[in-house]
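Trainee: Take a look at the letters that make up each chain.
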Amino acid sequence: MNRVKHLGITLAVVISLFLIFSQTAYASIDVGTLHKAAYPYYIDAGTGSIIIQVLIGSFVGIVAIAGVYRIRVKNFLTHLFTRRRQDKENDENKESEESE
Amino acid sequence: MTKIKRVRRANSASSTQLPASFRDPSGFLFQQDGVIYRQVNLVYKDDYDHLMDSGLYQALVDDNLLITHEEVGIESPVPELAYRVIKPEPIPFISYPYEWCFSQLRAAALTTLKVQRKALEFGISLRDSSAYNIQFKNGRPIFIDTLSFGEYREGEPWVAYRQFCQHFLAPLALMSYKDIRLSQLLSIYIDGLPLDLTARLLPWRTRLRFSLLSHIHLHARSQKHFADKPINVGQQRMNRYAFLGILNSLESTVKKLNWRPGGTEWAEYYQDTNYSPQAFEYKKTIVAGFLDRVRPATVWDMGANVGIFSHLASDRGILTVSFDVDPAAVEKNYLDCVARGDTSILPLVIDLTNPSPGIGWENRERMSLKERGPADTVLALALVHHLAISNNLPFGKIAEFLSRICTSLIIEFVPKTDSQVQRLLATREDIFPDYTRQAFEQEFGRYFTIDESADIRESQRTLYLMRRVQR
Numbered sequence: 001m002n003r004v005k006h007l008g009i010t011l012a013v014v015i016s017l018f019l020i021f022s023q024t025a026y027a028s029i030d031v032g033t034l035h036k037a038a039y040p041y042y043i044d045a046g047t048g049s050i051i052i053q054v055l056i057g058s059f060v061g062i063v064a065i066a067g068v069y070r071i072r073v074k075n076f077l078t079h080l081f082t083r084r085r086q087d088k089e090n091d092e093n094k095e096s097e098e099s100e
Numbered sequence: 101m102t103k104i105k106r107v108r109r110a111n112s113a114s115s116t117q118l119p120a121s122f123r124d125p126s127g128f129l130f131q132q133d134g135v136i137y138r139q140v141n142l143v144y145k146d147d148y149d150h151l152m153d154s155g156l157y158q159a160l161v162d163d164n165l166l167i168t169h170e171e172v173g174i175e176s177p178v179p180e181l182a183y184r185v186i187k188p189e190p191i192p193f194i195s196y197p198y199e200w201c202f203s204q205l206r207a208a209a210l211t212t213l214k215v216q217r218k219a220l221e222f223g224i225s226l227r228d229s230s231a232y233n234i235q236f237k238n239g240r241p242i243f244i245d246t247l248s249f250g251e252y253r254e255g256e257p258w259v260a261y262r263q264f265c266q267h268f269l270a271p272l273a274l275m276s277y278k279d280i281r282l283s284q285l286l287s288i289y290i291d292g293l294p295l296d297l298t299a300r301l302l303p304w305r306t307r308l309r310f311s312l313l314s315h316i317h318l319h320a321r322s323q324k325h326f327a328d329k330p331i332n333v334g335q336q337r338m339n340r341y342a343f344l345g346i347l348n349s350l351e352s353t354v355k356k357l358n359w360r361p362g363g364t365e366w367a368e369y370y371q372d373t374n375y376s377p378q379a380f381e382y383k384k385t386i387v388a389g390f391l392d393r394v395r396p397a398t399v400w401d402m403g404a405n406v407g408i409f410s411h412l413a414s415d416r417g418i419l420t421v422s423f424d425v426d427p428a429a430v431e432k433n434y435l436d437c438v439a440r441g442d443t444s445i446l447p448l449v450i451d452l453t454n455p456s457p458g459i460g461w462e463n464r465e466r467m468s469l470k471e472r473g474p475a476d477t478v479l480a481l482a483l484v485h486h487l488a489i490s491n492n493l494p495f496g497k498i499a500e501f502l503s504r505i506c507t508s509l510i511i512e513f514v515p516k517t518d519s520q521v522q523r524l525l526a527t528r529e530d531i532f533p534d535y536t537r538q539a540f541e542q543e544f545g546r547y548f549t550i551d552e553s554a555d556i557r558e559s560q561r562t563l564y565l566m567r568r569v570q571r
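Protein chains in written order, with our numbering: chain S, 1 to 100; chain V, 101 to 571.
If you are wondering where the hints come from, they were derived from the structure by calculation, not from laboratory data.
It is possible that some hints are incorrect.
[Unchecked claim] In silico SDA-like pairs for lysine to any residue, Cα to Cα no more than 25 Å straight-line:
{"no.": "1", "chain 1": "S", "residue 1": "74", "chain 2": "V", "residue 2": "344"}
{"no.": "2", "chain 1": "V", "residue 1": "218", "chain 2": "S", "residue 2": "43"}
{"no.": "3", "chain 1": "V", "residue 1": "187", "chain 2": "V", "residue 2": "203"}
{"no.": "4", "chain 1": "V", "residue 1": "329", "chain 2": "S", "residue 2": "44"}
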């Protein structure tokens, strides 16, 4: 019983995350129209495998986007902080030069 | 299917299409005058040109992730389908996933993901992720299928995701969480382990890990649920971030899987020898002397344990395949080779009493062990008593088999009075009156000539150097 409940909760979480995030994550990116391969894939990708992959992908994709933006934000803040410090140092240098 | 039939009919007498290469319509492998070539079919022209012109081929080769090839002007066996004929760099010994130890399969999985990740940077994606696309060259995994690369179309999911989970993730999870011997399921299921079977075999606690819950358990359920539902898969979209997220997730899942035998430290695992240190050194000296006398190009060390004697061969630059039935011994051997930077040894899990058979379509897709021989020299050290006493194999049968897989043989005879043989006999009745040195020499004499023999000091054992009798 617990097992079913646990799986149900996990599925509900995964599916709801997909529904929530897919709107924001995908609407911003134009995937274009699907054009055909030069010839069909020779392996069977498997319907169930593709669908679960898209589901998992929507979840872990958010993590990947978050990772990218985390680095961008971090770089931005580092840059901002460094620039302010440099400005401050430059100001101090100017002041000391002027006092001399 | 029509194309495959045409290919087979059109084979010329001097070219033979290899039986491992027929599923992919983009090309096939063939052999001509003992050299292996790959035909690139016209249907794969755009993707092949893209692989070569985009810079991906060179980038993968530079990172030792893909075997090199050269375009050659030889006559194609099926000229009407041919775009190019390429000559791939040869792989000295072909091995299969069911012969790899845990870390080898894991390294192969990570190599596949690295190739896919690199390909994505060039707008290319792997169209399949079979474990058979990886071989070990210089002891390290490398991607060998030049025709697996196709254009990545933005928004398309990874077509090879199912195959990756079945060929790599499922066996690794089972080996790690359940039993290392379950790697052998790969020899039964040639297109990877069914995920429903994997999910049933894995312990319940694996559902508590998001990665295994999603890539194995929910994946298996999804496969079952959608098995008979007609759905337009082409409408399923997955952007590049999601694609990268899948690759990241698979990579971290694979990296977190690990295995240690019985939870012990490696150093404690192998102390099982009755040699004195002097006798052991003397044995090494004799084997090294025999190797220097024969000077083989290839050595198969049968029953290699952790590969101590394989190193004698590999230190001489000899390509050495180091077989053992114990996955823990092979694992230690492989990890030691990686740590030492030894590139001449390939450790593999093989049960000599039931060596890998030919499997797949017509039993010819994957070669039997015997088909991959013969080796120049076989090392059979501390092996005969296991075969003769634990497995009831008569000396004649052992000699006959060994004569089929080598041209020279370095073999150790362990007499009944040896403590290791006594240990084998302790749990069973001694029904081996013919287990004597005289019978051993007589039976092996039917298949080999004895070049030299040397008693190992401070032990009761004898080493022989034998050459196969020319027939």
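Trainee: Decide, hint by hint, whether the structure agrees.
Mentor: Here is what the structure says about each hint:
1. A threshold of 25 Å between alpha carbons decides the hint, and for residue 74 (chain S) with residue 344 (chain V) the separation of about 21 Å falls inside it, so the pair holds.
2. Under the criterion of a C-alpha separation no larger than 25 Å, the hint pairing residue 218 (chain V) with residue 43 (chain S) is consistent with the structure, at around 22 Å.
3. For the proposed pair residue 187 (chain V) and residue 203 (chain V), the alpha carbon gap of about 30 Å is over 25 Å, so the pair is violated.
4. Proximity of residue 329 (chain V) to residue 44 (chain S) is assessed by CA-CA distance (about 15 Å); at most 25 Å being required, the pair is judged to hold.
Hint 3 from the earlier list is the only one contradicted by this structure; the remaining hints agree with it.
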